[in-house]
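Enquirer: Listed below, chain by chain, are the residues.
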Amino acid sequence: MAPLTNASRALARSSLRSAATASASTTPIRAAALSTTTSAQGASATSSYESPFKSAGNTNKIPDFKKYMSKGSGGGNQIFGYFMVGTLGAISAAGAKSTITEFLKNMSASADVLAMAKVEVDLAAIPEGKNVVIKWRGKPIFIRHRTAAEIEEANKVTVASLRDPQADDDRVKKPEWLVMVGVCTHLGCVPIGEAGEYGGWFCPCHGSHYDISGRIRKGPAPLNLEIPSYDFPEEDKLVIG
Amino acid sequence: MASIASSSLYNALFRRNYTMLGAVFVGAFTFEMWYGSTMDKIWDKNNRGRQWKDIRSKYAEDAEEEE
Numbered sequence: 001m002a003p004l005t006n007a008s009r010a011l012a013r014s015s016l017r018s019a020a021t022a023s024a025s026t027t028p029i030r031a032a033a034l035s036t037t038t039s040a041q042g043a044s045a046t047s048s049y050e051s052p053f054k055s056a057g058n059t060n061k062i063p064d065f066k067k068y069m070s071k072g073s074g075g076g077n078q079i080f081g082y083f084m085v086g087t088l089g090a091i092s093a094a095g096a097k098s099t100i101t102e103f104l105k106n107m108s109a110s111a112d113v114l115a116m117a118k119v120e121v122d123l124a125a126i127p128e129g130k131n132v133v134i135k136w137r138g139k140p141i142f143i144r145h146r147t148a149a150e151i152e153e154a155n156k157v158t159v160a161s162l163r164d165p166q167a168d169d170d171r172v173k174k175p176e177w178l179v180m181v182g183v184c185t186h187l188g189c190v191p192i193g194e195a196g197e198y199g200g201w202f203c204p205c206h207g208s209h210y211d212i213s214g215r216i217r218k219g220p221a222p223l224n225l226e227i228p229s230y231d232f233p234e235e236d237k238l239v240i241g
Numbered sequence: 001m002a003s004i005a006s007s008s009l010y011n012a013l014f015r016r017n018y019t020m021l022g023a024v025f026v027g028a029f030t031f032e033m034w035y036g037s038t039m040d041k042i043w044d045k046n047n048r049g050r051q052w053k054d055i056r057s058k059y060a061e062d063a064e065e066e067e
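If you're matching them up, the sequences are chains A and B in order. Counting from 1, one number per residue, gives the positions in the first sequence under the UniProt record's numbering. Counting from 1, one number per residue, gives the positions in the second sequence under the UniProt record's numbering.
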């Protein structure tokens, strides 16, 4: 057995060497072997396979589209295309806009709710220099019939020196009528009228002082008393809301 | 004649993008108005005689007296 294995080893070595030294000569052999197998397969398939491009001849020939082409210059088709694009765009824009507005309309308060949310006040019953507190949407509303001296006092204040700078003219529609939401802007207590260091309102909870225009002057509150939307539909009549 | 009109339309509206967009928005606006009024007309036609504005003449005097 030993001489046989030795001989086989030697054979393998010599073949390796020959492969390393003459690799260039082995590659053509391999290629030839490959080509022989392909040719054998081709020979077996020629009877059933036919190339679809063979009969076409020159494959670079552009087909004839004359049948499908526009008879005129094509401007009409262009116009038609743009017209359709534009019309679809317009209709979708209208639809999108109407969708949004309908949703917003649906979510906003309806007319009956708004009608219930209004309060009418007879101003003739309020004498000059008096406060009236009424309820509107669950919140107290302060109405003060201010005297001329109080209006003058409210206008005398330097606006720039205030914590929440706001002129008295911006807070009232008629200077003699001051209408405010009676909720302290600090933590929501109801201030007391005709009290405090500035002759206006005083919040007992944490000691915020508001002046005769409802502006914060001293204490922890950050903002002036809020002004609701109100209107004077006729003389001596006030509608809040 | 038609080609002249179409080419002028093309040059006026479709050639530049901003005119195209403007035309689309104007078209959307007019379409919406037209669509809304048409649908209102159809609604009124289907509900003729049942709406307040149709029967107001019968009750208008009473309503005024109440106020």
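Treat each hint with caution, since some may be false.
Below, computed lysine-lysine pairings styled on BS3-like, alpha-carbon distance capped at 27 angstroms [claimed, not checked]: (1) Lys58(B) x Lys105(A); (2) Lys173(A) x Lys71(A); (3) Lys218(A) x Lys130(A); (4) Lys130(A) x Lys237(A); (5) Lys105(A) x Lys53(B); (6) Lys130(A) x Lys118(A); (7) Lys97(A) x Lys41(B); (8) Lys105(A) x Lys45(B); (9) Lys139(A) x Lys97(A).
For each label pair, taking beta carbons as the anchor points, the in silico distance ranges come out as [said to hold, decoys possible]: (10) Ala5(B) x Ser92(A): 18 to 28 angstroms; (11) Leu21(B) x Val133(A): 50 to 60 angstroms; (12) Asp112(A) x Trp43(B): 17 to 27 angstroms; (13) Ala96(A) x Asp44(B): 25 to 35 angstroms; (14) Ala115(A) x Ala5(B): 50 to 60 angstroms; (15) Pro63(A) x Thr19(B): 36 to 46 angstroms.
These are computed hints drawn from the structure, not numbers from a lab. Quantities reported herein were computed from a predicted structural model and do not represent experimental measurements. Note that CB positions come from ideal geometry on N, CA and C, so glycine has one too.
Enquirer: All the hints need checking, so say for each whether the structure fits it.
Expert: Hint-by-hint comparison with the structure:
1. Of the pairs offered as hints, the one joining Lys58(B) and Lys105(A) is violated, with about 32 angstroms between alpha carbons and a cut-off of 27 angstroms exceeded.
2. The straight-line distance between the Cα atoms of Lys173(A) and Lys71(A) is roughly 72 angstroms, outside the 27 angstroms bound, and the hint therefore fails.
3. Among the hinted pairs, Lys218(A) with Lys130(A) is consistent with the structure: their alpha-carbon atoms are about 23 angstroms apart, no more than 27 angstroms.
4. Distance check on the hinted pair: Lys130(A) and Lys237(A) sit about 16 angstroms apart at the alpha-carbon level, within 27 angstroms; holds.
5. Distance check on the hinted pair: Lys105(A) and Lys53(B) sit about 23 angstroms apart at the alpha-carbon level, within 27 angstroms; holds.
6. Simply put, Lys130(A) and Lys118(A) have alpha-carbon atoms about 22 angstroms apart, close enough for the 27 angstroms limit, and the pair holds.
7. Restraint check: the Cα-Cα separation between Lys97(A) and Lys41(B) comes to about 21 angstroms, which is no more than 27 angstroms; the hinted pair holds.
8. Restraint check for Lys105(A) and Lys45(B): satisfied, since their Cα atoms lie roughly 25 angstroms apart, inside the 27 angstroms limit.
9. With a C-alpha separation of about 36 angstroms, the suggested pair Lys139(A) and Lys97(A) falls outside the 27 angstroms cut-off, and the hint is violated.
10. The supplied range of 18 to 28 angstroms is met by Ala5(B) and Ser92(A), whose beta-carbon atoms lie about 27 angstroms from each other.
11. At about 55 angstroms, the beta-carbon gap between Leu21(B) and Val133(A) stays in the expected band of 50 to 60 angstroms.
12. As the Cβ distance of Asp112(A) to Trp43(B) is approximately 22 angstroms, the hint placing it in 17 to 27 angstroms holds.
13. One distance hint, 25 to 35 angstroms for the beta-carbon pair Ala96(A) and Asp44(B), holds here, with the actual separation near 27 angstroms.
14. Checked against the hint of 50 to 60 angstroms, the pair Ala115(A) and Ala5(B) passes, with Cβ atoms roughly 54 angstroms apart.
15. Separated by about 38 angstroms at the C-beta atoms, Pro63(A) and Thr19(B) satisfy the suggested range of 36 to 46 angstroms.
Comparing the model with each numbered hint stated earlier shows that hints 1, 2 and 9 do not hold.
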